[in-house]
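Enquirer: Line order of the protein sequences matches chains C and L. Residue numbering for the first sequence follows numbering that gives the first Met the number 0, starting at 0 and increasing by one per position. Residue numbering for the second sequence follows numbering that gives the first Met the number 0, starting at 0 and increasing by one per position.
Treat the hints as calculated values from the structure; they're not laboratory data. Treat the hints with care, since some could be wrong.
A pair holds if it fits inside one copy or across any two, identical chains being indistinguishable in the list.
Claimed, not checked - Here are the simulated EDC-like cross-link-like pairs (lysine to aspartate or glutamate), alpha carbons at most 20 angstroms apart as the crow flies:
1) 470 x 433
2) 437 x 415
3) 100 x 74
4) 317 x 56
5) 317 x 59
6) 403 x 325
7) 317 x 221
8) 467 x 95
9) 45 x 56
Here's the letter readout for the chains.
Number of protein chains: 2
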Amino acid sequence: MAKKAIGIDKYLDFDDWYHDALREADLVDIRYPVKGMIIWKPYGLKALRLTQRILMDLLEKTGHLEAYFPALIPESVFARERDFLEGFGGESFVVEGTGTKKFNERFYLRPTSETVMYYMWNLWIKGRRDLPLKMYQVVNVFRYETKMTHPILRVREIMGFIEAHTAHATPEEAEAQIKEAIGIYEEFFDRLQLPYYIVKTPPWDTFAGAEYNYDFITVMPDGKGLELGSVINLGQRFAKAFDIKYMDTDGQFKYIYQTCYGVSERVLGAVIGIHGDEKGLFFPPEIAPIQVVVVPIAKPEDVQVLEYARRVKEILEKTGIRVFIDDDLEKSPGWKYYYWEMKGVPVRIEVGPREVGEKTVTIARRDGAPRIVVKLDELIPVVNEVFREVNTALRERALEHLKKLSIIATSCTPLENLMGLIIAPWDGSREEAEMLEKTFNKGVLGEITESPMPLPPPSNYTTCSGRKAEKWALLGVTY
Amino acid sequence: MAKKAIGIDKYLDFDDWYHDALREADLVDIRYPVKGMIIWKPYGLKALRLTQRILMDLLEKTGHLEAYFPALIPESVFARERDFLEGFGGESFVVEGTGTKKFNERFYLRPTSETVMYYMWNLWIKGRRDLPLKMYQVVNVFRYETKMTHPILRVREIMGFIEAHTAHATPEEAEAQIKEAIGIYEEFFDRLQLPYYIVKTPPWDTFAGAEYNYDFITVMPDGKGLELGSVINLGQRFAKAFDIKYMDTDGQFKYIYQTCYGVSERVLGAVIGIHGDEKGLFFPPEIAPIQVVVVPIAKPEDVQVLEYARRVKEILEKTGIRVFIDDDLEKSPGWKYYYWEMKGVPVRIEVGPREVGEKTVTIARRDGAPRIVVKLDELIPVVNEVFREVNTALRERALEHLKKLSIIATSCTPLENLMGLIIAPWDGSREEAEMLEKTFNKGVLGEITESPMPLPPPSNYTTCSGRKAEKWALLGVTY
Numbered sequence: 000m001a002k003k004a005i006g007i008d009k010y011l012d013f014d015d016w017y018h019d020a021l022r023e024a025d026l027v028d029i030r031y032p033v034k035g036m037i038i039w040k041p042y043g044l045k046a047l048r049l050t051q052r053i054l055m056d057l058l059e060k061t062g063h064l065e066a067y068f069p070a071l072i073p074e075s076v077f078a079r080e081r082d083f084l085e086g087f088g089g090e091s092f093v094v095e096g097t098g099t100k101k102f103n104e105r106f107y108l109r110p111t112s113e114t115v116m117y118y119m120w121n122l123w124i125k126g127r128r129d130l131p132l133k134m135y136q137v138v139n140v141f142r143y144e145t146k147m148t149h150p151i152l153r154v155r156e157i158m159g160f161i162e163a164h165t166a167h168a169t170p171e172e173a174e175a176q177i178k179e180a181i182g183i184y185e186e187f188f189d190r191l192q193l194p195y196y197i198v199k200t201p202p203w204d205t206f207a208g209a210e211y212n213y214d215f216i217t218v219m220p221d222g223k224g225l226e227l228g229s230v231i232n233l234g235q236r237f238a239k240a241f242d243i244k245y246m247d248t249d250g251q252f253k254y255i256y257q258t259c260y261g262v263s264e265r266v267l268g269a270v271i272g273i274h275g276d277e278k279g280l281f282f283p284p285e286i287a288p289i290q291v292v293v294v295p296i297a298k299p300e301d302v303q304v305l306e307y308a309r310r311v312k313e314i315l316e317k318t319g320i321r322v323f324i325d326d327d328l329e330k331s332p333g334w335k336y337y338y339w340e341m342k343g344v345p346v347r348i349e350v351g352p353r354e355v356g357e358k359t360v361t362i363a364r365r366d367g368a369p370r371i372v373v374k375l376d377e378l379i380p381v382v383n384e385v386f387r388e389v390n391t392a393l394r395e396r397a398l399e400h401l402k403k404l405s406i407i408a409t410s411c412t413p414l415e416n417l418m419g420l421i422i423a424p425w426d427g428s429r430e431e432a433e434m435l436e437k438t439f440n441k442g443v444l445g446e447i448t449e450s451p452m453p454l455p456p457p458s459n460y461t462t463c464s465g466r467k468a469e470k471w472a473l474l475g476v477t478y
Numbered sequence: 000m001a002k003k004a005i006g007i008d009k010y011l012d013f014d015d016w017y018h019d020a021l022r023e024a025d026l027v028d029i030r031y032p033v034k035g036m037i038i039w040k041p042y043g044l045k046a047l048r049l050t051q052r053i054l055m056d057l058l059e060k061t062g063h064l065e066a067y068f069p070a071l072i073p074e075s076v077f078a079r080e081r082d083f084l085e086g087f088g089g090e091s092f093v094v095e096g097t098g099t100k101k102f103n104e105r106f107y108l109r110p111t112s113e114t115v116m117y118y119m120w121n122l123w124i125k126g127r128r129d130l131p132l133k134m135y136q137v138v139n140v141f142r143y144e145t146k147m148t149h150p151i152l153r154v155r156e157i158m159g160f161i162e163a164h165t166a167h168a169t170p171e172e173a174e175a176q177i178k179e180a181i182g183i184y185e186e187f188f189d190r191l192q193l194p195y196y197i198v199k200t201p202p203w204d205t206f207a208g209a210e211y212n213y214d215f216i217t218v219m220p221d222g223k224g225l226e227l228g229s230v231i232n233l234g235q236r237f238a239k240a241f242d243i244k245y246m247d248t249d250g251q252f253k254y255i256y257q258t259c260y261g262v263s264e265r266v267l268g269a270v271i272g273i274h275g276d277e278k279g280l281f282f283p284p285e286i287a288p289i290q291v292v293v294v295p296i297a298k299p300e301d302v303q304v305l306e307y308a309r310r311v312k313e314i315l316e317k318t319g320i321r322v323f324i325d326d327d328l329e330k331s332p333g334w335k336y337y338y339w340e341m342k343g344v345p346v347r348i349e350v351g352p353r354e355v356g357e358k359t360v361t362i363a364r365r366d367g368a369p370r371i372v373v374k375l376d377e378l379i380p381v382v383n384e385v386f387r388e389v390n391t392a393l394r395e396r397a398l399e400h401l402k403k404l405s406i407i408a409t410s411c412t413p414l415e416n417l418m419g420l421i422i423a424p425w426d427g428s429r430e431e432a433e434m435l436e437k438t439f440n441k442g443v444l445g446e447i448t449e450s451p452m453p454l455p456p457p458s459n460y461t462t463c464s465g466r467k468a469e470k471w472a473l474l475g476v477t478y
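Produce the complete structure using the sequences and hints provided.
Expert: What follows is the structure, given as structure tokens:
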């Protein structure tokens, strides 16, 4: 049998832990012979679908409509916005023909959908009542990454990219949309119990073709930063490139203002890395493919126990809880506990002869909290309460994790063997950013606009060259 | 304003009717500058998602697990099964590099996923307990069609192809799986109220790399046949090409037996074409993005009517019915009736001062059945009953449609100006098929194994060259 995830300390050897966890839990298969492209196995895909559903519902609730735009983009459309072409042209896959025939034009396999979408918006947006336009699509996007690839975290076929795009009449409305988007992502990541910093990226490092963007950044157990999502103010650059104008109430034709924001399967990679432990995976209940595993503790002749276990399963299933009963009598209860903990199932229910007699069940939490015994007729409210408690435990663990891997460095001096993100005083200038990067050997990811733990006022500190600090910079090496 | 779908007889000018219906109802946008690739607008995509959900649930219920396999397939993998390569190589898009760099190997953009999937199954299938393996994925597939493209019906980026693949230890198990798949598709198309023939394709026209396949074929208003879905027995050819063996209980390594079956967005094209009429679209309730539109018949000052209409909406919404209230007071009720009928909403509820006074609503059906007045406290059961009645009406209309466009031609003589499918006596031989094709100027689609209306025994008739017939051949020109 292959080496087990269980037993490896993810903070000591994250790469080994991560690959073992993915394989043992059967989430993905990385043996496909194209670098950066992986197979999603049913258990992993189920978790991803549940994760996507949360965000899609949040987008729908706030008036974003799902649409679909083609995967192939003619070069003439792709090349319209010059910065975008420079930013994405070299890392986009290109189709030049079929197996037997060459085309006259080249087609880009979408690395992201601005160009294909805005080409159509030029046709759709005519007047003020067409605005705001709020759309999203869930698609795979393709990027020929030259950085090292990692399953789920950095891939060449990005799986289920949920990209939202909006158009507005005024810059104020676009700004308000940016705030709404940040609020949506906050709720999304909060429900996954993921802690994050929000940074505003420096102007020299914004998305190709954008005015500015906010990034949600978390940290993985190896200390590397991970961008969970990005909220981008596109201003009018694409509007000008694609000539998207509306007739305002004053009869004038005006360019629209645009925003876009996207999240990929990477967020599930963060869930795996941040919530997992030496036992394996640990899914928050909302996205766990199996939320409750029922383990009958019975000999083959204990028909009553098996029947009772099935009844428990049915009671749970009826309220929509995702439950699996492991009634394989060839395996010991201990083996099953270990196995389902490794698979990340947040709650286990044990039933044996005692539980049958007392009409109770015993509930165990994946985080190791003391077991509780519950009357069968209180099962549903208690299980839901246990889900909430598990979420609280996960949130606290994850915040500890983030704190452990975040260092506030107020004096501009190198730190030895530093693993994690650095928070340093900054004035926002490029020269000071370069000094910080040189000192700490990490990149400036942006100015922190939201931190999961309180930070002192930056004005208490000075920058590398002794200027008064105005902001906190977040530095890190990222995936 | 653009020309309206309403008023065109789809049987006289289907192409015009179809394009008008798609545009007026805002289902898709066909103005994207890549031939055969279209935009799915929110209303159309919603109908497609609801349609897909039915089939996905049927697949899940029968033990198929959702997985995901990459879109890009290395040429070395793609080329393993020779017939498959010949069948799909020329119509597959090929990636040879990025915008700025050439790769050493070519990658095929999946036209269907046999090769990428079975490459992995070689790694996954070891013993008898790994079988049967039943998987599906929902992906876009890409085919450089040389036939004329039609939005939704024949495209180059096929949208949401639901492809299922299975592996078995014995040919009998594979045969049983074919039967299960046919049963799944029957239920799927029946729930969409689509009538169909099932044909077994002739050996000279099977799917590339297959033993035989069953096709579900319906007919569009222009008389052209449309393949709704295909159920394929792959035998062992891919198993041999990809060396997929399992160790049997006798200790021997044996090749697996495989089946696959797929359905695309085309089924929604069939719904549009077959159920639509001179008023526009007509969605079966199960896939209607809006199942009920509530139209208040009120002057702006009739606050009571508007409040009552909103209450009706809430009552419906609470039970999960997809409902929209059209309370735009600038438009007349007549305009709204016309508009929502064009959009295919199957049920309309009208409320005016009389309904408020009597605590009733008036229910109108999209198919024009007499309106009924219902007490508010009976609303839900009545609406559900109305949905069933609408389905029955649609089924009957669709069957009439199919009969109208199907001709049993028992004497092998040309038919003038024939629009539709031809059912002709056949002995199954290639030479007789060629005689039929020459006589009727249509292709033999296969032997009919299931017909929506009873057919006489073929043995009552003779073939073109006077042999005794054993089967009914289905002939048609297809999309």
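Enquirer: It remains to establish, for every hint, whether it holds in the given structure.
Expert: Results of checking the hints against the structure:
no., hint, in the structure
1, 470 x 433, "within (15 angstroms within a copy, 80 angstroms between copies)"
2, 437 x 415, "within (14 angstroms within a copy, 84 angstroms between copies)"
3, 100 x 74, "both (18 angstroms within a copy, 15 angstroms between copies)"
4, 317 x 56, "between (22 angstroms within a copy, 17 angstroms between copies)"
5, 317 x 59, "between (26 angstroms within a copy, 18 angstroms between copies)"
6, 403 x 325, "neither (37 angstroms within a copy, 55 angstroms between copies)"
7, 317 x 221, "neither (41 angstroms within a copy, 47 angstroms between copies)"
8, 467 x 95, "neither (54 angstroms within a copy, 52 angstroms between copies)"
9, 45 x 56, "both (16 angstroms within a copy, 14 angstroms between copies)"
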